[in-house]
Amino acid sequence: MAFRPSRKTSRPQPEQKNGTEKRRFFLAYPLERLRAWWDDRKENPLSWLEKSRNRLVYLGMGFLFLYGGVAIKALFATILAPMAPLPNQIGSSIPEIPHPDPRAMAGNGFVLPNIRRASIMDRNGQPLALSLPVVQVYANPMEIIEPEDVAKKLRTILPTLNVAETVRRLKQKKQFVYLARNIAPVDELAINNLGIPGLYFENGEQRHYPLGNVAAQILGSVDIDNKGIAGVEKFFNQRLMQDHTPLRLSIDARVQAAVRDELNEAKNLFRAIGASAILMDVHTGEILAMVSLPDYDANNFAHAADDARFNRAVTGMYEPGSTFKLQTAAMALQLKVAHPWDQFSTTPIHVGRFTISDLKTDHFAPWLALPSVMAYSSNPASAHIALDVGRERQHDWLKNMGFLDRVPVELPEAGRPLVPSIKNWGETTVMTVGFGHGVAESPLAIVRGTACTGNGGYLVTPTLLAREHLNDDVVMAEDQKGPHLISTENSNLLRRILRLVVTKGIGKKAESPGYLVGGKTGTAEKIGAHGGYLKHVNITAFTGMFPMNDPKYALYVMLDAPQGTAETHGWTTAGWIAAPTFSRIVTRTAPMLGLFPLDAARAQQLDDQLALPLTPSVPPGVRHPLGPGNDPGAVTVNRLAARHGAHHTH
Amino acid sequence: MALADRSNSSQKAQWWRSLDRVSLSCVGILIALGYILMLAASPAVAHRIGASRNMFILKQVVFLALAGSVVIVTSRLSPRMIGRIAVMGGVVALGATFLTLVHGMEIKGARRWIALPLMSVQPSEFLKPCFAVVTGLLLSLRHTLTLANGWRFPGRLVACGVYVVIAALLQAQPDIGMLSVISMVFITQLFIDGLPIIIFGMLVTAAMGAFGVAYLVFDHVHSRVQRFLHPDVGDHYQIDTSMRAFGNGGLLGRGPGEGRVKDLLPDAHADFVFSVAGEEYGFVMCLFIIAVFTVLVFSTLNRLLEEKNPYVILSAGGLVTGFGLQAFVNMGSSLHLIPTKGMTLPFISYGGSSALSVALTIGMALALTRHRMESGLFTPSPSSAETAPRLTRSFHKDQHQ
Chain A
1 MAFRPSRKTS RPQPEQKNGT EKRRFFLAYP LERLRAWWDD RKENPLSWLE
51 KSRNRLVYLG MGFLFLYGGV AIKALFATIL APMAPLPNQI GSSIPEIPHP
101 DPRAMAGNGF VLPNIRRASI MDRNGQPLAL SLPVVQVYAN PMEIIEPEDV
151 AKKLRTILPT LNVAETVRRL KQKKQFVYLA RNIAPVDELA INNLGIPGLY
201 FENGEQRHYP LGNVAAQILG SVDIDNKGIA GVEKFFNQRL MQDHTPLRLS
251 IDARVQAAVR DELNEAKNLF RAIGASAILM DVHTGEILAM VSLPDYDANN
301 FAHAADDARF NRAVTGMYEP GSTFKLQTAA MALQLKVAHP WDQFSTTPIH
351 VGRFTISDLK TDHFAPWLAL PSVMAYSSNP ASAHIALDVG RERQHDWLKN
401 MGFLDRVPVE LPEAGRPLVP SIKNWGETTV MTVGFGHGVA ESPLAIVRGT
451 ACTGNGGYLV TPTLLAREHL NDDVVMAEDQ KGPHLISTEN SNLLRRILRL
501 VVTKGIGKKA ESPGYLVGGK TGTAEKIGAH GGYLKHVNIT AFTGMFPMND
551 PKYALYVMLD APQGTAETHG WTTAGWIAAP TFSRIVTRTA PMLGLFPLDA
601 ARAQQLDDQL ALPLTPSVPP GVRHPLGPGN DPGAVTVNRL AARHGAHHTH
Chain B
1 MALADRSNSS QKAQWWRSLD RVSLSCVGIL IALGYILMLA ASPAVAHRIG
51 ASRNMFILKQ VVFLALAGSV VIVTSRLSPR MIGRIAVMGG VVALGATFLT
101 LVHGMEIKGA RRWIALPLMS VQPSEFLKPC FAVVTGLLLS LRHTLTLANG
151 WRFPGRLVAC GVYVVIAALL QAQPDIGMLS VISMVFITQL FIDGLPIIIF
201 GMLVTAAMGA FGVAYLVFDH VHSRVQRFLH PDVGDHYQID TSMRAFGNGG
251 LLGRGPGEGR VKDLLPDAHA DFVFSVAGEE YGFVMCLFII AVFTVLVFST
301 LNRLLEEKNP YVILSAGGLV TGFGLQAFVN MGSSLHLIPT KGMTLPFISY
351 GGSSALSVAL TIGMALALTR HRMESGLFTP SPSSAETAPR LTRSFHKDQH
401 Q
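Line by line, the protein sequences give chains A and B. Going by the working numbering, the residue at position 74 of the first sequence is 74; the numbering climbs one at a time, nothing skipped. Going by the working numbering, the residue at position 312 of the second sequence is 312; the numbering climbs one at a time, nothing skipped.
Distance windows between CB atoms, simulated:
hint : chain 1 : residue 1 : chain 2 : residue 2 : range
1    : A       : Thr245    : B       : Ser223    : 42 to 50 Å
2    : B       : Tyr215    : A       : Asn203    : 45 to 53 Å
3    : A       : Glu146    : B       : Phe98     : 50 to 58 Å
4    : A       : Glu146    : B       : Val92     : 49 to 57 Å
5    : A       : Leu46     : B       : Asn8      : 37 to 45 Å
6    : A       : Ala190    : B       : Phe218    : 52 to 60 Å
7    : B       : Ala210    : A       : Phe26     : 40 to 48 Å
8    : A       : Ala164    : B       : Gly250    : 46 to 54 Å
9    : A       : Phe26     : B       : Ala207    : 37 to 45 Å
10   : A       : Leu86     : B       : Leu251    : 15 to 23 Å
11   : A       : Ala164    : B       : Phe98     : 49 to 57 Å
12   : B       : Arg76     : A       : Glu146    : 56 to 64 Å
13   : B       : Ala210    : A       : Leu46     : 28 to 36 Å
14   : B       : Ala207    : A       : Leu27     : 33 to 41 Å
Reference excerpt, derived from the structure (chain A facing chain B, CB under 8 Å, subset only):
hint : residue
15   : Leu56
16   : Val70
17   : Leu75
18   : Ala77
19   : Thr78
20   : Met83
21   : Pro85
22   : Leu86
Hints listed in this document are in silico derivations from the structure and should not be mistaken for laboratory results. Computed from a predicted model, the values in this text were never measured in an experiment. Just so you know, even glycine gets a beta-carbon here, dropped at the ideal spot from N, CA and C.
This is chain A alone, in the form it adopts within the complex (with noise of 0.2 Å):
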C-alpha cells in the first residue's frame, strides 16, 4: 500500500509533458511531493517496527470501514428504510370481529355469512353446490390443565369423539393440535360455554352438493382447502372465491336428472360398460345436460372410482363412427362437390389389408343417391365423397368446425381428440374419416357438429355458463353467432335428410312421435387392446335434433360396448340401441324444456314439407350428375386395389 502512489509518479509524468500550463500546476506539486518521500523511503527504509505500526494504522482503518458499514446498514434499517413487521408478527390474539359482505347479501342465491366459496345454481336457481360453515376445534396442549377431563366434556357435546386419542393429543407437547373438525356452529357455541382454557376454534367452511350424483362429473369437486380440484368448481375457482354471487350454469338440473335416469336405465339394460349423453341448445351452446355415466355421489370425490369420475362427454374421445357422414356431406354440399341426386358407389373398396364394406346383411343397390348414402349409412359410398371432397378441403373443413382442437368448454377436463397429423393425413384417412374412423372425438365436440348442420349453420361455443337470452324466439343477436360455415340452404337440406334417417332409413328407432326428430346413427367397432378392432363390440351412438322443422336442441346418446337383448335380436349396432334411448330421453325431457308434441294432423302436415325422396331425380339442366360414368374416386379407389393386388402377388 506505502509504494503505490510511485507508480502514479511515473505514470502521468508524460502527460504532464504535453499538458497545458495550469494542469501542471494542479498536478504536479502534490507528485513532487509523493516522489520526494518515495525516494526517502527507499534510501531509507522503515525498521519492523515502523512499518507494522503503519500497517496496525491500516488495520484500524479497515475496522472502521467495517463498522461504518454496519452503523450505516443498521440506520437504513431502523430509520431511513425500515422493513415494516408484517401483521401476523405483531398483530394482537383476537380474532376479526365477523361482519356480513353486503356483496354477497345482494346475490340472489342461497348465501350464508362468512363463507367465502360461492355457490354454483342451475340456470333455475337450484343449488347444485354450496359452502355451510363448519368449525374446526384445537387446542393449545401447553394451556390445558386437566386432559382427561377436557375430553370427557367435549365427549358430552361430540358423541363420536375418541377420548383416548384425544387424551394422548391434548398430552403432546406441542402448542397445536386438532380435536374435531367439521363440528356444526351449534356444537361450537356448546363447547365455548364449558369455558374451557386452551381450547380455540377455527371457522370453515365445507362444500356439499345437494343433488348428489346429478352433474357430479361437471361440478367436480373441492379439496380440503376450499380449493377445486376437478370440474367447473376448478375452473371457475377464482370466480368462485372472489366474486360472492352465485355462479348460474346452463345445467337445468330437472333435465339432467331425467337425462341421466334415462341413460342409466339404457345402460342397465344393453349391460354397457358406460354411457354419455348431452344434450345442447343448438342456437347458443347452453349445455342443458351433460350426462357421464357410470357416475358418483358428488359429495363422496375422494372416494369415487377413477371410471365415475371420467366425464366421457368431454374427457372421452370415441370414434365418431356413421354420424361422422353426416360432416362428410355437409361439406360434400357446401363445397358443391355432391348434390342430392348424385349418386355413389357402394362396392367394398380394398385398401392393403383392409376393405371399406358395408355390413353384409345390407344388400345396397351397387349405386346410392346422397340421401340414401345417409339414411341406410354406407361407408364405401361415404368415402367416396369423402375422396371427392378431397384431401385438403376434407383437413380444412373438419379444421373449422373444431374438430381437430380441443372443445372449448369451461371444463378443465376437456381433452384434445386424437387425429392424424396432416402429414400422416393420405387417402386411406380421408376415406376412414369420411365414414367416422381413424379420428377420435370426444361427444360434445359431435353434438357441436350436429348443431352446426341444423341451426342454419352457425358453429357454436359449447357451454355451461347459462346466457342471457334476448327472447325465447330469437335467441341469439347476429354478432353474438359464431361463424356461419353452412348456408342456410344446405343447413335446410341437412335437416330433411337428417329427418328421412328416422323415417326411412335405419334410426327409425328414435322416431318420437310429435317431435319431429332427425338424427344419424354412429356404430364404431371398440379397439381392444392390442390395437385391433374387436368385433361385436361397438359404440354405439345417436346424434339428432328435434324439432326438425326448425332444431332447438341437439342431442347425442352415447352407450359403450352394450350387449343385445331379445328385443334387439341380439344386434348390439347403434340403430337397435342409442336410437331407442334417444327417443325416450326426447320423449321425456322436451316437455321439460317447452315442448310439446304436436297433434298427429299437424306433424304430418310438417313432415310433408320435410320429406325428401330417398334416390332425388336429376334436375334438369344438370349436365353431369356424380353416379355411374361419372366418378371421380374410382381413379385413386382402383390404383389402391391395383396396388394391393400386386402386393398379394408376391
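We have chain A already, so just place chain B on it with the hints.
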C-alpha cells in the same frame, strides 16, 4: 482509587495500573448488555424448544460469570505464560477438533461439537485465539531465533504449515465460517508482519478464490450466497424476520420486553441477538453496541502502537482482529450486509463455548497489552531478562512433551 496508587506495589495494584482499563470496561459493558438482551431474547426460544423459561438465562449467568473470571485471570498472566498456554491449548484444541471428525455430534449437517456432560463444546472456538498467539509467536521468532546453520528461523513457513493443517481440519467439518475468520486473522497477522504488499494482495485474491471454490463445493455456502444475492428467490424467512425486527424498532426501539418480531426469530438468543437489540432498544442501542466494539478494538490497537515486542504486536493484533471480525460478521449478517453466517456476538450471544472462547481471546489480548517494565535506553542489557529466547526454549519443551 486505591489500586491506582503508584505507591501500592502489590501485584494486584501493579496489574491494575498496567492494564488496558478501557478495554476491560468495554468487556464489562458487553457482559451487562449480554444479560439484558438474554432476558429479552431467550424466553421465546426456550418456549419454542419446550425448555424451561429461565433455562437460558440461568445458564448464561453462569457462563458470563465464568467468562468474566477467565478475562481477569488470563489478563494477569505474563506474555510468556500466554505463549505457553496458547501452544498447549492450541495442541489440545487441534486434537479435539480432529476428534470431532471421529466422535463429533452432528448438528445441522456439520460435525463441530464434542458432547460433554453439561454442555457440548466446540473445540475450534478455542483453536482460534490459540492459533492467533502461536502464529504471532512463530512470526516473531524470525527476529530472535537463529537456526544452527545460521539461517533465521523460517517463522512464516512454519506458521503457514500450521495454518494449512488447521484449514484442512476445518473444511472437513465443515466450518467455513470459522475457517474464513481464521484465514482473515492469519492474513492480517502476515500483513502486520510486513508482508510485501504484492504478496498480501495475492493472498487476498487467493482467499477470494478459495471462497469461490467453497461456493461451488459446499451446498450450504452456495445457497446462502444465492439467497443473499437474490432477495426474491428462495427462503428468506430468517433474514426477513431479522430486518423486520430492526424496522419495528426504529430509532428508540419498542422498549424493554415490548419486542414482538423477536419471538419469531429462529435464533434470537444467539445469531440474531443484535436484531433483538434493534427491536427493543432501537438504532441507539445498535450504535452503542457498535461503538463499544469499536472502542475495544481501537483501544487495543492503540496500545500496540506503543509496543516494541513483535511477538506482542503480532499476537495481540491477531487476537483483536479475530474478535472484531466475529462481531462484524454477526452484526453484518443480521443486518443483511453479508450472507448469513452463524457466528456469535462476543459476550452478548448465548453460548458457553463462545463466551469462554471470547473471554480467553480478550484475556490474552489484555495480558499482552499490559504496560511492562522494559529496559530503557541506558539500562545495561541483562542477558537473563531476554524474553524471546526463554520463550523459545519453553516452546520447544512443550513440543517435546
